[in-house]
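Using the sequences provided together with the hints, build the complete structure.
For the record, the sequence lines run as chains C and U. Numbering-wise, numbering that gives the first Met the number 0 puts 11 at position 12 of the first sequence, and it's gapless, one number per residue. Numbering-wise, numbering that gives the first Met the number 0 puts 110 at position 111 of the second sequence, and it's gapless, one number per residue.
Source of the hints: derived by calculation from the structure; they are not laboratory data. The model shown is predicted, which means the values in this text are computed figures rather than measured ones. Don't be surprised by glycine CBs; every beta carbon is placed ideally from N, CA and C. Mixed in with the good hints there might be a few duds.
Said to hold, decoys possible - Calculated Cβ distances over 12 Å to all of chain U for the following chain C residues:
no. : residue
1   : K40
2   : P43
3   : P46
4   : T47
5   : V48
6   : D80
7   : S108
As the list claims (entries may be wrong) - Here are the simulated DSS-like pairs of lysine-lysine, each with C-alpha atoms no more than 30 Å apart in a straight line:
no. : chain 1 : residue 1 : chain 2 : residue 2
8   : C       : K113      : U       : K67
9   : U       : K105      : C       : K91
10  : C       : K113      : U       : K105
11  : U       : K108      : C       : K40
12  : C       : K51       : U       : K132
13  : C       : K40       : C       : K51
14  : U       : K67       : C       : K91
15  : U       : K54       : U       : K132
16  : U       : K108      : C       : K113
17  : C       : K113      : U       : K54
18  : C       : K51       : U       : K105
19  : U       : K99       : U       : K67
20  : U       : K105      : C       : K40
21  : C       : K91       : U       : K108
22  : U       : K54       : U       : K67
23  : C       : K51       : C       : K91
24  : C       : K40       : U       : K107
25  : U       : K107      : C       : K51
26  : U       : K67       : U       : K132
27  : C       : K91       : C       : K113
28  : C       : K91       : U       : K132
29  : U       : K108      : U       : K54
30  : U       : K132      : C       : K40
To be verified - To give a feel for the contact side, a few chain C residues facing chain U, derived at Cβ under 10 Å:
no. : residue
31  : V27
32  : T33
33  : S67
34  : A69
35  : N74
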Amino acid sequence: MRHLRPLALLFAAASLSSCGLLYTDIKVPRGYRTATPAEVKASPDDPTVTGKACNRTAVFLFAWGDASYAAAVANALGTRDGIMYDVRADIKVNAYVLGIYTQVCTMVSGRVAKP
Amino acid sequence: MKLSLALLLLLLASLARARGENDEDTAVPGLIPAGSFNLFYDSSGPLSFVANTPKDKPTGAPELGLVKGVSCQYGLSVPVTANLRGTSISGAIGNGSFVKALEEIKKKKPELVGIYDVRTDQRIFSILGIYRKLCTEVTARAFGAGK
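Right under this line is the structure:
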């Protein structure tokens, strides 16, 4: 039990930081100043799109992925050249077996106006 | 049993945690973390940036397309004991500020006048927690001077 304590602390620290202890290369969202319908050339037939970008961690040791706003918006826009507005940004987490495998995704949903 | 419960609670708490700026535009500094025994620290990080929206683009200003600027902070943390909670000697250097990231964009496109539709992200890179890199990435649409 005594030997378990440092290990538990290590795992707790890893899960709290959402980073891998051995290797980490992730992108996390920080800020996105989205446009409102009044700020773009909005039209009633503008399409609604959804985009997703994810980071993953395995056995608390490795973390990789790109859950940035840039990636989520690029995923939502696809090949379209437009500006997203009326944007809702959410986070979705899937964790299995006490977080041994975790997936954290940034999800954006909104309408696309012409630039 | 208590330990497992504590671990589970910590895990759940971590899932509820969110990074970055809040909905209220509260400024959250993005500085690289310092180790327990910090020898040297000379680093700048992002704090807040109220970016332009498409409405702020002047009429007739030419579109310059999607641009991206990156600025980074670097950290080194060398453990001095073989204990998991042991001391480490650390140092950090770099400029990961919004100003530097925007300068990078300006360097790539000198004709740029402003940016809008701005997304800011952070890249976290770490190997064994000894070498760390924290980069600020600004992705936006750019416009030039109107006629």
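Right, here's what the structure says about each hint:
1. K40: The claim is violated: C:K40 sits with its nearest Cβ about 8 Å from chain U, within 12 Å.
2. P43: 18 Å, holds
3. P46: Given a closest Cβ separation of 17 Å, the condition holds.
4. T47: With a cut-off of 12 Å, C:T47 remains clear of chain U, as the shortest Cβ separation is near 17 Å.
5. V48: The claim holds: C:V48 sits with its nearest Cβ about 14 Å from chain U, beyond 12 Å.
6. D80: 9 Å, violated
7. S108: Holds: least Cβ distance 15 Å, greater than 12 Å.
8. C:K113 x U:K67: This hinted pair holds, its Cα atoms lying about 20 Å apart.
9. U:K105 x C:K91: The given pair, whose Cα atoms are some 35 Å apart, is violated under the 30 Å limit.
10. C:K113 x U:K105: Holds, because 25 Å separates the two Cα atoms, which is no more than 30 Å.
11. U:K108 x C:K40: Holds, at about 26 Å.
12. C:K51 x U:K132: 25 Å, holds
13. C:K40 x C:K51: Within the cut-off at roughly 25 Å; holds.
14. U:K67 x C:K91: 26 Å, holds
15. U:K54 x U:K132: 35 Å, violated
16. U:K108 x C:K113: Between U:K108 and C:K113 the Cα gap is close to 23 Å, so the pair holds against 30 Å.
17. C:K113 x U:K54: 13 Å, holds
18. C:K51 x U:K105: 29 Å, holds
19. U:K99 x U:K67: 12 Å, holds
20. U:K105 x C:K40: 27 Å, holds
21. C:K91 x U:K108: 36 Å, violated
22. U:K54 x U:K67: 20 Å, holds
23. C:K51 x C:K91: Between C:K51 and C:K91 the Cα gap is close to 9 Å, so the pair holds against 30 Å.
24. C:K40 x U:K107: 28 Å, holds
25. U:K107 x C:K51: Since the Cα atoms of U:K107 and C:K51 sit roughly 28 Å apart, the hinted pair holds (cutoff 30 Å).
26. U:K67 x U:K132: Answer holds: U:K67 to U:K132 is near 18 Å, not above 30 Å.
27. C:K91 x C:K113: 29 Å, holds
28. C:K91 x U:K132: Between C:K91 and U:K132 the Cα gap is close to 25 Å, so the pair holds against 30 Å.
29. U:K108 x U:K54: Roughly 21 Å separates the two Cα atoms, so the pair holds.
30. U:K132 x C:K40: It is violated: about 39 Å lies between the C-alpha atoms, which goes past 30 Å.
31. V27: 5 Å, holds
32. T33: 8 Å, holds
33. S67: 3 Å, holds
34. A69: It holds, given that the least Cβ distance between C:A69 and chain U is near 4 Å, below 10 Å.
35. N74: C:N74 check fails; min Cβ-Cβ to chain U is 12 Å, beyond 10 Å.
Hint violations for this structure: numbers 1, 6, 9, 15, 21, 30, 35, all remaining hints satisfied.
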